[in-house]
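Colleague: Sequence:
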Amino acid sequence: LSQTVFSMGAHASRPNSGANVDGSPMMHDVAINLGEAWEQIRRSLRRWMDLWRIQQQENRRRQLAIEQTVAQLRISDQSWEELGRNQPAVRQPAYNYAIEGNSGAIASAPALIEEVGIVEEVPEEETAGSEDRTQPRTAAHSEFSRECGLCFDDHPTQRAAYVKCGHIVCLSCAQRFFEANPANIGCPFCRTEGEFVRLFEDSN
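Per full-length UniProt numbering: the sequence shown ends with 204, consecutive numbering throughout.
No wet-lab data here; the hints were simulated from the structure.
Here the structure is a predicted model, which means the values were calculated and not measured.
Where a beta carbon is used, it is the ideal one built from N, C-alpha and C, also for glycine.
A few of these clues could be false.
Pair ranges (Cβ atoms, derived) [unchecked claim]:
| no. | residue 1 | residue 2 | range |
| --- | --- | --- | --- |
| 1 | VAL70 | ASN181 | 42 to 48 angstroms |
| 2 | TRP52 | ILE75 | 33 to 39 angstroms |
| 3 | ARG74 | PHE152 | 58 to 64 angstroms |
| 4 | ARG60 | PRO25 | 52 to 58 angstroms |
| 5 | GLY35 | THR69 | 50 to 56 angstroms |
| 6 | GLN72 | MET49 | 30 to 36 angstroms |
| 7 | LEU150 | GLN68 | 56 to 62 angstroms |
| 8 | ARG53 | ILE32 | 48 to 54 angstroms |
| 9 | ALA65 | MET26 | 58 to 64 angstroms |
| 10 | ARG74 | GLU36 | 55 to 61 angstroms |
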């Protein structure tokens, strides 16, 4: 009997290796799952951080390119402005003579001629001492001569007068001289810069 009781006690006191009173195997599995999930979250965060850094670098690169472009445009604008200031002003005279049917020019031409004092011939006292600026007078040029000093037509049907100096030529010569020298228009005799106007007169 004593041997039987001892044997039963021995069996009762031996721990069961297949059972776990505190449930540690389950908690271990949960801990493993949590660790794997956390690692995945960390990898995702690192991936998003890398993408964010790449995007920031791209944004900075674009911003730098924009700033460089703006700076180059400003330099270009300043260069053009300086070039414009350094260039001498070039007068671009208008092809200012009256044509048929232009009533406004026809009406204003006599007043303009009267205002600047254009006459048929330049007075002798005004031309004295200015041989280098005017064409020498010849015997063919009488006081009332209509001869053109360029083509020597003695009776042109239409004539033109240069506003500043008063020299008179036939209209066709004035037009041809303008077309041949559009950037340096002026009197062909004295080279005074200025426009010419058509004279309205009785050619008979």
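Colleague: State for each hint whether it applies.
Modeller: Going through the hints against the structure:
1. VAL70 to ASN181: 42 to 48 angstroms: At 44 angstroms between Cβs, range holds.
2. TRP52 to ILE75: 33 to 39 angstroms: Between TRP52 and ILE75, where Cβ atoms are some 35 angstroms apart, the hint holds.
3. ARG74 to PHE152: 58 to 64 angstroms: holds (59 angstroms)
4. ARG60 to PRO25: 52 to 58 angstroms: holds (53 angstroms)
5. GLY35 to THR69: 50 to 56 angstroms: Cβ of GLY35 to Cβ of THR69: about 51 angstroms, so the range 50 to 56 angstroms holds.
6. GLN72 to MET49: 30 to 36 angstroms: With Cβ atoms ~35 angstroms apart, the hint holds.
7. LEU150 to GLN68: 56 to 62 angstroms: holds (59 angstroms)
8. ARG53 to ILE32: 48 to 54 angstroms: violated (32 angstroms)
9. ALA65 to MET26: 58 to 64 angstroms: Taking Cβ atoms as reference, ALA65 and MET26 lie about 59 angstroms apart, which means the hint holds.
10. ARG74 to GLU36: 55 to 61 angstroms: holds (58 angstroms)
This entry does not satisfy hint 8, going by the numbered hints stated previously; all others are met.
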